[in-house]
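Protein chains in written order, with numbering that gives the first Met the number 0: chain A, 0 to 267; chain B, 0 to 267.
Note that these hints are calculated values from the structure, not bench results.
Errors might be hidden in some of the hints.
Note: identical chains are not told apart, hence a pair may lie in one copy or across any two.
[What the hints assert, rightly or not] Derived pair list, reagent style DMTMM-like, types lysine to aspartate or glutamate, alpha-carbon separation capped at 20 Å: (1) K201 x D232; (2) K170 x E133; (3) K229 x E185; (4) K201 x E262; (5) K38 x E77; (6) K225 x D94; (7) K95 x E133.
Protein chains: 2
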Amino acid sequence: MPRLKKTIAKVKKEPPVILITNDDGVTAPGIRNLAEAVKDLGKVVIVAPDKPQSGMGHAITIGSPLRMQQLHIMDGVETWQTSGTPVDCVKLAVDKVLHGKPDICLSGINHGANHSINVIYSGTMSAAIEASIESIPSIGFSLLNFSMEADFTASKIYARKIVEQVLKSKKLDKHLCLNVNIPNVEASLIAGIKICRQSYAKYVEEFHQRKDPAGRNYYWLTGEFKNFDKGKDTDVWALEHNFVSVVPVQFDLTNHALKKQLETKFKF
Amino acid sequence: MPRLKKTIAKVKKEPPVILITNDDGVTAPGIRNLAEAVKDLGKVVIVAPDKPQSGMGHAITIGSPLRMQQLHIMDGVETWQTSGTPVDCVKLAVDKVLHGKPDICLSGINHGANHSINVIYSGTMSAAIEASIESIPSIGFSLLNFSMEADFTASKIYARKIVEQVLKSKKLDKHLCLNVNIPNVEASLIAGIKICRQSYAKYVEEFHQRKDPAGRNYYWLTGEFKNFDKGKDTDVWALEHNFVSVVPVQFDLTNHALKKQLETKFKF
Numbered sequence: 000m001p002r003l004k005k006t007i008a009k010v011k012k013e014p015p016v017i018l019i020t021n022d023d024g025v026t027a028p029g030i031r032n033l034a035e036a037v038k039d040l041g042k043v044v045i046v047a048p049d050k051p052q053s054g055m056g057h058a059i060t061i062g063s064p065l066r067m068q069q070l071h072i073m074d075g076v077e078t079w080q081t082s083g084t085p086v087d088c089v090k091l092a093v094d095k096v097l098h099g100k101p102d103i104c105l106s107g108i109n110h111g112a113n114h115s116i117n118v119i120y121s122g123t124m125s126a127a128i129e130a131s132i133e134s135i136p137s138i139g140f141s142l143l144n145f146s147m148e149a150d151f152t153a154s155k156i157y158a159r160k161i162v163e164q165v166l167k168s169k170k171l172d173k174h175l176c177l178n179v180n181i182p183n184v185e186a187s188l189i190a191g192i193k194i195c196r197q198s199y200a201k202y203v204e205e206f207h208q209r210k211d212p213a214g215r216n217y218y219w220l221t222g223e224f225k226n227f228d229k230g231k232d233t234d235v236w237a238l239e240h241n242f243v244s245v246v247p248v249q250f251d252l253t254n255h256a257l258k259k260q261l262e263t264k265f266k267f
Numbered sequence: 000m001p002r003l004k005k006t007i008a009k010v011k012k013e014p015p016v017i018l019i020t021n022d023d024g025v026t027a028p029g030i031r032n033l034a035e036a037v038k039d040l041g042k043v044v045i046v047a048p049d050k051p052q053s054g055m056g057h058a059i060t061i062g063s064p065l066r067m068q069q070l071h072i073m074d075g076v077e078t079w080q081t082s083g084t085p086v087d088c089v090k091l092a093v094d095k096v097l098h099g100k101p102d103i104c105l106s107g108i109n110h111g112a113n114h115s116i117n118v119i120y121s122g123t124m125s126a127a128i129e130a131s132i133e134s135i136p137s138i139g140f141s142l143l144n145f146s147m148e149a150d151f152t153a154s155k156i157y158a159r160k161i162v163e164q165v166l167k168s169k170k171l172d173k174h175l176c177l178n179v180n181i182p183n184v185e186a187s188l189i190a191g192i193k194i195c196r197q198s199y200a201k202y203v204e205e206f207h208q209r210k211d212p213a214g215r216n217y218y219w220l221t222g223e224f225k226n227f228d229k230g231k232d233t234d235v236w237a238l239e240h241n242f243v244s245v246v247p248v249q250f251d252l253t254n255h256a257l258k259k260q261l262e263t264k265f266k267f
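Chain A with its partners taken away, still in its complex shape:
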């Protein structure tokens, strides 16, 4: 496939193409709410997993082929489901659905938090990171409520504000990627939007060991969330104070400070 340097919309001078995916699956309320929030800002196309894919991180499908089917979930929004991971969905959307790059890629709204270290395990954020690797500006949205009955009213308001801001911003990083988390409170209680850094907060985990009817062990992952970071500039701090947190995310994992140390300390 020939890759366009400009997006399809820019070549044709049409409204921006907005690709939406998620990791909770195409039928999750969060993705429908996100599409509703931004539907009139451009041409929305959904390409999302056909089943929940939470915790898939940046997994891709390399040993088996993928399936993709069109379906109807809301009027005016072309929608496809795939058998792949969230990252597979972004790749398939660009190559086989849009035949080029969208103007922006949105992922979510995830049912549950993706702040702090969770960005690494998150299928929602991995889809957004995948888009940013391809120079498609991207935003992942997560609401701090795991329930399928969660209220997305506030999330929709703030998701729209942030998408509008990114669409109208010029000369930002061409790999722009934002990790947005929304506190689980009514819109009137939200204190505002805060640009943050990723907190060093994570699950302290252990496995519950059980025995199956045949007497063999099996293990369930469980954990308790703990914030080890005292900073007031982190996403966890912002969310605890009812701010919507926005963490700019990069895919260059080089630890430059450690690189300098090793260059002087390591002797081979």
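Starting from the known structure of chain A, fit chain B onto it as the hints suggest.
Relative to chain A, chain B alone:
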């Protein structure tokens, strides 16, 4: 489980505990070669997936329980296989096999490259990153040869050198994590070890569309590797010049440069 501040080995004043995992599965030649290379540097324990898990990224198993069985693959090395991802293996090893933190976690030797952007998709490197999140120094090793018949002679020499260097280094980053790639050449042709940054190099991908016997489409991911980065300080440059590349890796994905831009440019 009570977490020890010191590692088990340090509490008991014993040789260092070396945890080894991978993403090619417990039976892959790469993991056996890595264990052989470092076997006399400490007490080696293997906890690895029971099947290939390449491309799994930082996936974890959260919707179903895990299985774990002990098996014998080489003398003097306690070995377990699990039904989980590479990241699951690290978590299970700490909680249910070692009952505490090892002194170092090694992952690999992967059959195939994990330089540049591939660090994000790699199960090998995600296992190493998981360990570093838990403040366990970690190193992922990958040989630039996909074959199960690959020659690991040079890899073993350089893996051992790097592990020795990390074990004897004091006061390094407590989250130290190294992404080591080894060129696919004879040991005598290796130019040395080079500390590098991650290159912006990636697969330019497309899907091959085929039809199944029932006439329905399915899609195979394919791609061509391309280096978009002209720097001479990158892992791709080093490998092209027969150096072993060592990229220090971090799990803080905050894009601090973009954060500063957004703080002044975004108006809500």
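Hints, one by one, checked against the model:
1. K201 x D232: Intra 17 Å, inter 33 Å, cutoff 20 Å: intra-copy only.
2. K170 x E133: Intra 17 Å, inter 38 Å, cutoff 20 Å: intra-copy only.
3. K229 x E185: neither (26 Å within a copy, 49 Å between copies)
4. K201 x E262: neither (30 Å within a copy, 26 Å between copies)
5. K38 x E77: within (11 Å within a copy, 56 Å between copies)
6. K225 x D94: Classified as between; 17 Å across copies, 40 Å inside a copy.
7. K95 x E133: So K95 and E133 pass the 20 Å test inside one copy only (15 Å; across, 40 Å).
Of the numbered hints listed earlier, those contradicted by the structure are 3 and 4.
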